[in-house]
Amino acid sequence: MSKAIFNEKLTNEEKYDHFIKRITEGEKIEADDWMPDDYRETLIKLISMHGISEIMGALPEKEWVPKAPSLRRKLGIMAKVQDEMGHGQLLLRVAEDLMKPLGRTRENIMQDLFSGRLKFHNVFHMEAPTWGDAGLIGWLVDGAAIISQTNMLDASYGPYARALKRICAEEVFHAQHGESIIIALAEGTSEQRKMVQDAINRWWEALLMFFGPADATTTGTSKQDTTIKYRIRTKTNEELRQDFFTKYIPRVLSLGLTIPDETMHFNQEKQQWIYEQPDWSRFKEIIRNNGPKSRERLELRETTYHENQWVRNALNMAK
Amino acid sequence: MSKIDIHQMDAAFKSALTDLLYQLADDDFILAYRGSEWLGLAPHIEEDVAFSSISQDTMGHASMFYQLLEDLGEGKVDDLAHSRKAKDRRNAILLEMVNGPGHYLKKPQYDWAFAVVRNYFYVQMKKIRMDSLKNSSYEPLAQIAINVNLELYYHLLHWRTWFVQLMQAGDEARKRMDAAINRVFDDFGGVLSLGPLEDEMSKSGLIEPEEILKKKWILVMEPVFDSINVSMPTNFGMKNGNGRKGEHTEDLDTALSILSEVYHVNPAAAW
Numbered sequence: 001m002s003k004a005i006f007n008e009k010l011t012n013e014e015k016y017d018h019f020i021k022r023i024t025e026g027e028k029i030e031a032d033d034w035m036p037d038d039y040r041e042t043l044i045k046l047i048s049m050h051g052i053s054e055i056m057g058a059l060p061e062k063e064w065v066p067k068a069p070s071l072r073r074k075l076g077i078m079a080k081v082q083d084e085m086g087h088g089q090l091l092l093r094v095a096e097d098l099m100k101p102l103g104r105t106r107e108n109i110m111q112d113l114f115s116g117r118l119k120f121h122n123v124f125h126m127e128a129p130t131w132g133d134a135g136l137i138g139w140l141v142d143g144a145a146i147i148s149q150t151n152m153l154d155a156s157y158g159p160y161a162r163a164l165k166r167i168c169a170e171e172v173f174h175a176q177h178g179e180s181i182i183i184a185l186a187e188g189t190s191e192q193r194k195m196v197q198d199a200i201n202r203w204w205e206a207l208l209m210f211f212g213p214a215d216a217t218t219t220g221t222s223k224q225d226t227t228i229k230y231r232i233r234t235k236t237n238e239e240l241r242q243d244f245f246t247k248y249i250p251r252v253l254s255l256g257l258t259i260p261d262e263t264m265h266f267n268q269e270k271q272q273w274i275y276e277q278p279d280w281s282r283f284k285e286i287i288r289n290n291g292p293k294s295r296e297r298l299e300l301r302e303t304t305y306h307e308n309q310w311v312r313n314a315l316n317m318a319k
Numbered sequence: 001m002s003k004i005d006i007h008q009m010d011a012a013f014k015s016a017l018t019d020l021l022y023q024l025a026d027d028d029f030i031l032a033y034r035g036s037e038w039l040g041l042a043p044h045i046e047e048d049v050a051f052s053s054i055s056q057d058t059m060g061h062a063s064m065f066y067q068l069l070e071d072l073g074e075g076k077v078d079d080l081a082h083s084r085k086a087k088d089r090r091n092a093i094l095l096e097m098v099n100g101p102g103h104y105l106k107k108p109q110y111d112w113a114f115a116v117v118r119n120y121f122y123v124q125m126k127k128i129r130m131d132s133l134k135n136s137s138y139e140p141l142a143q144i145a146i147n148v149n150l151e152l153y154y155h156l157l158h159w160r161t162w163f164v165q166l167m168q169a170g171d172e173a174r175k176r177m178d179a180a181i182n183r184v185f186d187d188f189g190g191v192l193s194l195g196p197l198e199d200e201m202s203k204s205g206l207i208e209p210e211e212i213l214k215k216k217w218i219l220v221m222e223p224v225f226d227s228i229n230v231s232m233p234t235n236f237g238m239k240n241g242n243g244r245k246g247e248h249t250e251d252l253d254t255a256l257s258i259l260s261e262v263y264h265v266n267p268a269a270a271w
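In order, the protein sequence lines correspond to chains A and B. Following the working numbering, the numbering of the first sequence begins with 1 at its first residue and continues without gaps. Following the working numbering, the numbering of the second sequence begins with 1 at its first residue and continues without gaps.
In short, the hints are calculated from the structure, not lab data. This one's a predicted model, so the numbers in the text were calculated from it and none came from an experiment. Don't be surprised by glycine CBs; every beta carbon is placed ideally from N, CA and C. The reader is advised that the hints may include incorrect statements.
To be verified - Dumping the calculated DSS-like pairs for lysine-lysine here, alpha-carbon to alpha-carbon at most 30 Å:
#	chain 1	residue 1	chain 2	residue 2
1	B	K76	A	K67
2	B	K107	A	K67
3	B	K14	B	K76
4	B	K106	A	K67
5	A	K293	B	K107
6	A	K293	A	K45
7	A	K284	B	K106
8	A	K284	A	K247
9	B	K87	A	K67
10	A	K28	A	K235
11	B	K87	B	K175
12	B	K127	A	K67
13	B	K106	A	K194
14	A	K119	B	K107
15	B	K203	B	K216
16	A	K293	B	K106
17	A	K45	B	K106
18	A	K119	A	K229
19	B	K245	A	K67
20	A	K15	A	K28
21	A	K119	B	K106
22	B	K76	A	K194
23	A	K67	B	K85
24	B	K107	A	K284
Said to hold, decoys possible - What follows is a set of in silico ranges between Cβ atoms, one per label pair, in the way DEER data are often shown:
#	chain 1	residue 1	chain 2	residue 2	range
25	B	I228	A	K100	31 to 41 Å
26	A	D261	B	N149	49 to 59 Å
27	A	I228	B	V220	58 to 68 Å
28	B	K85	A	K100	54 to 64 Å
29	B	Q8	A	R312	51 to 61 Å
Modelling step: build the complete structure from the supplied sequences, incorporating the hints.
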């Protein structure tokens, strides 16, 4: 608070220098602190996309919640998807505080989602046609999420860093939940085994895309330089993807499953994984809401948002 | 009545106990399933988190009741939950009814007013039932009732809050709530019913008689209606039949085929 008051007397340039000094020294920026406009905008974009992705991410798994094959699995996946909605809520609250000075609210977030202005994560545009996909989402998609979120645990923006801490702790359970489903299938009947291998084949490209393109030359834009400059994250997209390979490729292989990329190998000399690039033009199409399930899931969210409008109206009246 | 263990049971006691457990398990199981269809579709994100937590609890309760049935030699819990036919289910019909037109993945026109009223009225009855079961002559059931009760406190608080708030919101909300109340009352008799073996259940000290439980429900609910200046309906109907006798609707058939789809790929496999 004392810093905020002190800041009022400074020029914008001095405020900026002071801000950079604070984050360089590892201090956390709080919601009411002065911050550069592009820092705020970057955070709003990043966090609202993260939050809405958690919420849209509930939809591919939602299909499998009522269908889970045993009481234990039903309870597990119910808890898991509930956590995801909880993460969405936590993150949207962080985004809402950042948007407040700009006069924007959660309603804007929802409308931006429906209009396509606010994008959600590429993986949640994909199909999840079998129980194997439900397991794989928990195992590898949440596994990838842990890697990308751990990278921001020390983010310069305090409220985001604190939310991520809680989220990452829960994601670990999700990855275990997913792994447990996958192990049961991989060690089960040939039909169950096929279910999980098909899911890996189906999800592989989306998992490569998960971390985003290596640099802006691939898709035209990349926020990673800004987020690294502002100490929101530390590693690049490619470094994260490599971490993901290092952690999960041995696990996939140890279950007797295969990776659908014959060129995939670890190059000892370069100390990195060599792999076939996904089709990045397809990635751009997917996040523009032209993925296999983009329209359907947006429609589901939008239908239900409108169906329930009367409830929100009633609550607003009661305020 | 002294507490009874599994080895001393006579046949009449055992069939009354088994029937009661099926009612308790099937009620919670199907309502938790209906709750899980709402996942991601609730009026706001906070409610999604709360409602799915309640559905999880409810599914957990079903699982505990099915476990008691497994312990009595009725079969494995997962088979009891997933493979019994509709005619063998003992849940009240009100709890199997769809959330609204549409599918849980496609154009769901789910009715939040119906969700609030159905859940609130049911949970209140469940609470009264658990209070009674705390003194059940079947000790394992009494133990579970104590644990279930701890969670019902929150479920009740949640649904009562919604009920009162939406009833007082006027206009469209009130119209929808009134319609939901009528629908729920039309079949609430099925929730209150303990089925054909009710006499044996109360005689053997498993649970209090239906009439007494019903009076307790009215006694708790009337002041809530009074507080919002609404007179409580008194017609506890069974418009769509009595689920306690194995009478059910198509809604249950459809639900069972969805919830057991993966299980039926191979019921013998480990999942």
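Verification of the supplied hints:
1. K76(B) - K67(A): 18 Å, holds
2. K107(B) - K67(A): 19 Å, holds
3. K14(B) - K76(B): 18 Å, holds
4. K106(B) - K67(A): Cα-Cα ~16 Å, so holds.
5. K293(A) - K107(B): 14 Å, holds
6. K293(A) - K45(A): With Cα atoms ~23 Å apart, K293(A) and K45(A) stay inside 30 Å; holds.
7. K284(A) - K106(B): 26 Å, holds
8. K284(A) - K247(A): 27 Å, holds
9. K87(B) - K67(A): 21 Å, holds
10. K28(A) - K235(A): Satisfied, since the Cα-Cα distance of roughly 19 Å is no more than 30 Å.
11. K87(B) - K175(B): Between K87(B) and K175(B) the Cα gap is close to 35 Å, so the pair fails against 30 Å, i.e. violated.
12. K127(B) - K67(A): 28 Å, holds
13. K106(B) - K194(A): Distance ~28 Å between K106(B) and K194(A) Cα, so the pair holds.
14. K119(A) - K107(B): 22 Å, holds
15. K203(B) - K216(B): Holds. K203(B) to K216(B) sits at ~19 Å (cutoff 30 Å).
16. K293(A) - K106(B): The hint holds at about 12 Å.
17. K45(A) - K106(B): 29 Å, holds
18. K119(A) - K229(A): At roughly 23 Å apart (the allowed maximum being 30 Å), K229(A) and K119(A) satisfy the hint.
19. K245(B) - K67(A): Within the cut-off at roughly 26 Å; holds.
20. K15(A) - K28(A): 15 Å, holds
21. K119(A) - K106(B): 21 Å, holds
22. K76(B) - K194(A): Holds: K76(B) and K194(A) sit about 27 Å apart, inside 30 Å.
23. K67(A) - K85(B): 17 Å, holds
24. K107(B) - K284(A): With a Cα-Cα distance of about 27 Å, the restraint between K107(B) and K284(A) holds, given a limit of 30 Å.
25. I228(B) - K100(A): 31 to 41 Å: For K100(A) against I228(B), whose Cβ atoms are near 35 Å apart, the range 31 to 41 Å holds.
26. D261(A) - N149(B): 49 to 59 Å: 54 Å, holds
27. I228(A) - V220(B): 58 to 68 Å: Between I228(A) and V220(B), where Cβ atoms are some 59 Å apart, the hint holds.
28. K85(B) - K100(A): 54 to 64 Å: Once the Cβ atoms are compared, 55 Å apart, the range 54 to 64 Å for K100(A) and K85(B) holds.
29. Q8(B) - R312(A): 51 to 61 Å: With a Cβ separation near 56 Å, Q8(B) and R312(A) satisfy 51 to 61 Å, so the hint holds.
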